[in-house]
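There are 2 protein chains.
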Amino acid sequence: MNSPSLALLTAVLLCATAGPAMSTSTTDDIPSHTTAQAATVPAQERPRNVILLIGDGMDEQQITIARNYLKGASGELVMDGMPLRSAVQILTVEDSTEGRAVYVADSANTATSLATGAVTSRGRIATTAGSDERLTTIVELASAAGLRSGLVTTASVTDATAAAFAAHINFRLCENPQSMVNVSYGDIPLGDCTQHLKANGGKGSISEQLAESTLHVLLGGGEKHFAPNIEGGAISVAELARRNGFTLVEDEAALLAAKPDARLLGLFAPSTLPVRLQGENAREAEAPDPSLLNHVHPYLGDVTLPQPMRCEPNPAFATVPSLKTMTDAALRHLSLDNSRGFFLMVESASIDKQAHERKPCGSIGELEQLDEALASALAFARTAPDTLILVTADHSQAAQLIPYHSLFAAYPIPTYTPGKLARIITPEGSHMSVNYATTNFMMEEHTGAAVPLFSNAQGQGRVPPYLRQPELFAIMRDYLRL
Amino acid sequence: MNSPSLALLTAVLLCATAGPAMSTSTTDDIPSHTTAQAATVPAQERPRNVILLIGDGMDEQQITIARNYLKGASGELVMDGMPLRSAVQILTVEDSTEGRAVYVADSANTATSLATGAVTSRGRIATTAGSDERLTTIVELASAAGLRSGLVTTASVTDATAAAFAAHINFRLCENPQSMVNVSYGDIPLGDCTQHLKANGGKGSISEQLAESTLHVLLGGGEKHFAPNIEGGAISVAELARRNGFTLVEDEAALLAAKPDARLLGLFAPSTLPVRLQGENAREAEAPDPSLLNHVHPYLGDVTLPQPMRCEPNPAFATVPSLKTMTDAALRHLSLDNSRGFFLMVESASIDKQAHERKPCGSIGELEQLDEALASALAFARTAPDTLILVTADHSQAAQLIPYHSLFAAYPIPTYTPGKLARIITPEGSHMSVNYATTNFMMEEHTGAAVPLFSNAQGQGRVPPYLRQPELFAIMRDYLRL
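Going line by line, the protein sequences match chains A and B. For the first sequence, position 149 matches number 148 in numbering that gives the first Met the number 0, and the numbering has no gaps at all. For the second sequence, position 443 matches number 442 in numbering that gives the first Met the number 0, and the numbering has no gaps at all.
Rather than coming from a laboratory, the hints here were simulated on the basis of the structure. One or more of the hints may lead you astray.
Stated by the list, open to error - Here are the in silico distance ranges between beta carbons for each label pair: (1) A/241 x B/294: 54 to 64 angstroms; (2) B/441 x A/194: 49 to 59 angstroms; (3) A/44 x B/339: 53 to 63 angstroms; (4) A/302 x B/181: 21 to 31 angstroms.
Glycine is no exception: its CB is placed at the ideal position from the N, C-alpha and C atoms.
So that you can see chain A by itself, here it is in the shape it has in the complex (with noise of 0.2 angstroms):
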C-alpha cells in the first residue's frame, strides 16, 4: 500500500477516535431500534459485523441499465438510498516483484484486493505477484480473534470471489484435486499449480482448501468440484467438509431446515447458479445485419438490427434458492448466539458472468439479486446496530447503455454498432439499446473505470468519498478490530 493512501487512511482512523464529538459520525443506521444486547453492553464489547456485498463487474453502466429496467429512469434502487458513495479505484499489476502497472483487472486479483488489502496480478487468489506467497485474508484475521465468518455467491464457491476470501493459489482455475495440473480448455493450456499440491508441501485446490477452513457458512454453487477425491485419499472434497464439521446441504428445503448452530456448506448447484432473467426465448445481444449493399460502401444500403424484446423468467432459477434466501440463512447462521460479530461476503456473480455472454436481461436480474440481499442486510443491521453495511463491485464490464435511437439519425446512412446489440422493451414502455463492442471473442473484456462504492451510516468517518480498492481491506479489518 502506499504512502498516500496511508496518509489518508490515518486521517480517517484518527478521525473515528477524535471523541466524544465524533460519536454522531458513528451512529447506528436507526438508534431507536437498538438491541436489548445493545443497550446494555458498552459499545466496546458489542459485537462488530461486517456485510460486504460484492456485485461482480457491476459499474455504473451496468446499475443504470438495471435501474432503468427494474424501477423505471426516475426510480430508484436500493442501493441509491445507501448515505454515503465512494468511487473506488482498481489496482491490478503484472506477475512479477515489482511489476507495473495493469488498467484492467479481473475477479482473482481485486477479490485478493479486497480480502487482503494486497494489489496483485490477474488470476490469483491471495497470493503475492511474481514471489507467490499467501496473503492473510480478513477471514482467517476473523477466525483468529474469534469472529464467525461466511461466503456467499450465485457463482462456484470455489470461483475466484469467494476463493480470494479463503483459500490461496496462484491460478484460479484450479478449482477442485483433478484441476491442478496442466489445467487446459480442450487443448488450450491456461495454468498450472503443481506448486500448490499437498505431495509438493503446498494446501491443495481451492476447494479443498475450504473444505478445510474456519469459515462458519459457504453457500452457493460448485457442487461438481467438492466430488472429487481429495489429493492422495480415498475420501471425496465433500466428505473432507463434513469431517470438518460442515453441514452440506444441496437445496432450499435442506438450508431452511439446517439446525441453527450448524457449519453450512451449501452447494446447490454443479456450477454456477441459474440466473432469475433472460431474454426472450433466451436470446443475448446479437449483431446487426447490414445489408449488401452496405459492405459495399457504409454509407449504402441499409442495416437490420436485432428485433427488440423483454426479459423473461428463466425456469431454471426455480431450482435454487435466491440470493436473498441464501444472505437470510447466512445472517442467520452467523448471528446466532454470536458474541463476537462476523464477516459475510456476498456476491451476485453472474451481472459479470451473463455480461461476458452478452445477456443483458442476465445482469439485470442478477443486479436485483444483489439488491435484495442488501435489503436483507439492511434490515439485519436494524437489529444488530453495529453492522458495517458495504455495497461495491470489483471491475467494471463491458456493457454500455446507447443510444435506441442514434444522436446521428438524421445522417440518411446507415449506422449500428459494430459489435453485438440488445434492444430491450422496459416495462415503463421504452426501449433500451445495450452494446456490447469490447472484443470479437466469445467472451467480451472487463473494462478499466473505478467502481462505485455504497456504505450505510457505520461509513462515515471511515469510507472516504475516493479510495484505491485494496483500502476497503483496512477499513474493514480496522472495524471489526483484527
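The hints should help you fit chain B onto chain A, whose structure is shown.
Using the frame of chain A, we list chain B on its own:
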C-alpha cells in the same frame, strides 16, 4: 497540487464537519480562514456563490483513463479529493408532452436539466419537450435577484451546454442569425428554428440571445456566431453585445488586461477552442487490421493492432487561454465589489467532443483542464467560504478502458475490438487500451450511465448521494436563495 496532502486535508475536513455541531453540515470549507467580510456580516446576509463545473461526457471511464495517464493508477486528481461524491441519473424524454423516457441524452437536454430543473428532449435549449415553452434558467433567476452570472466553456459559447443557461430555443444548432431556417449539414436537413425568429415574435438565435443577456461574463469560443448581422439589422451580433454593455476580448492578453469592472464577452476562436493534448502525430483510435486468413474464419490468421503511442501537446492550444485562465478571470470579474454573490458555470466541452472523434489524448487533456479549473474554484472558495462547488458531467460517453492484454490471451486465436482502438503509453510506463465501439458512424454515440458528482463541504446536507439531474438545479437555486 500535492494530492496526498489534499487527501489528508479532505479527511480532516470531513472530520471537522462531523462533530457536535452537525450544524456544521452548512459550515464553511475552512472556518478559520473566513474573509473579513464573512467575519463581520451575519451569515444570512453574506453573498453566496455557486460554481458548477461540467466535464462534458466525463463519466467514470473518462475519469479513470485520465487519472491513469495524468497521475498514475495510484494517483489522485483534484476532484478525487472532494469531500462528497454522488451519482446523478440523467433524465430525457421524447419530444412530446407526456413523452416516454429516453435513456441516452445529449448535451442540450442535460444542460437544460441543470439550468432549469426540467426534463426535456434531445437538442432543446431551455424549452419544454413538445410544447416548446421557455424554461426559466438559474442565470435569469440570479439576475432578477441582483446576483451576477458567468459562463465559461472551451466550446463555442453558443454551444448547447452554455446556451441552455441563458437562451431558449428548440434546436441547439440555431447558434446564429444565419442558422435559424433549414439548418443543414451539406444537403442533410438537421432542424429548424423558424418559430423563434424575431420576425415571428421570437428571441432570435442563440448568439443574439446571449448578446442581449444579463450575463456578467461569457468566455469561450464561437466568434463566428457573433460575426453575422443580427436578424433584420445592419450590425453584427458582436456589435449588439457591445451596445448591451459587454467588453469584447479576443485573446488572453486582452482578457487579462480588461478593466476589472467590465462585463466580458471573450471569444478566443472561431468555434471550439483547440485542445491541450493530442495523440502522437495527431493520431486517433484506429481499427485493428486482421489478416486475410482471419477474414476467412475468426479463429484463423492474426491481427495487427494500432501501434502504441504517447500523448503530445497540441501546438494550436498555445493560441488560446486555458480553461483555468478563463475561470480565474471569470472569478475576478464576478466577485469584484459583489455584495450579492454569483453563479458561474465552467465547462470543459471537449472531453466529449474528442471522444466523439475517438481521440483519447484529447479527452485526457481536457479533463486535466477541468481539474485545474476546479483547483482555481477551490482556491477562490478559501477566500469566499460561502461558495458551493459542484463538479459533474452531463452524460456518459463512448470510451472504454479495455485490457491491453486480453483476459483470454491464452486462447491462440486473434481477439480484438470490432471498434476503434488506441493503445497509449502512460507516463508511469504501462500501456492503456482505449476502445470506441458504439457505432460505425464518423462520430461515436453518447452512453446512458449515471454520472459522477463531486461537492465541496458546502454540499453537506444539501447534495444527496443519489439524485436525478434536474434536482441539481433546485440545490443550486436554494443555495443562492433564489
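Hint check results:
1. A/241 x B/294: 54 to 64 angstroms: 55 angstroms, holds
2. B/441 x A/194: 49 to 59 angstroms: 52 angstroms Cβ-Cβ, so the 49 to 59 angstroms window holds.
3. A/44 x B/339: 53 to 63 angstroms: For residue 339 of chain B against residue 44 of chain A, whose Cβ atoms are near 55 angstroms apart, the range 53 to 63 angstroms holds.
4. A/302 x B/181: 21 to 31 angstroms: Given range 21 to 31 angstroms: holds, Cβ gap about 28 angstroms.
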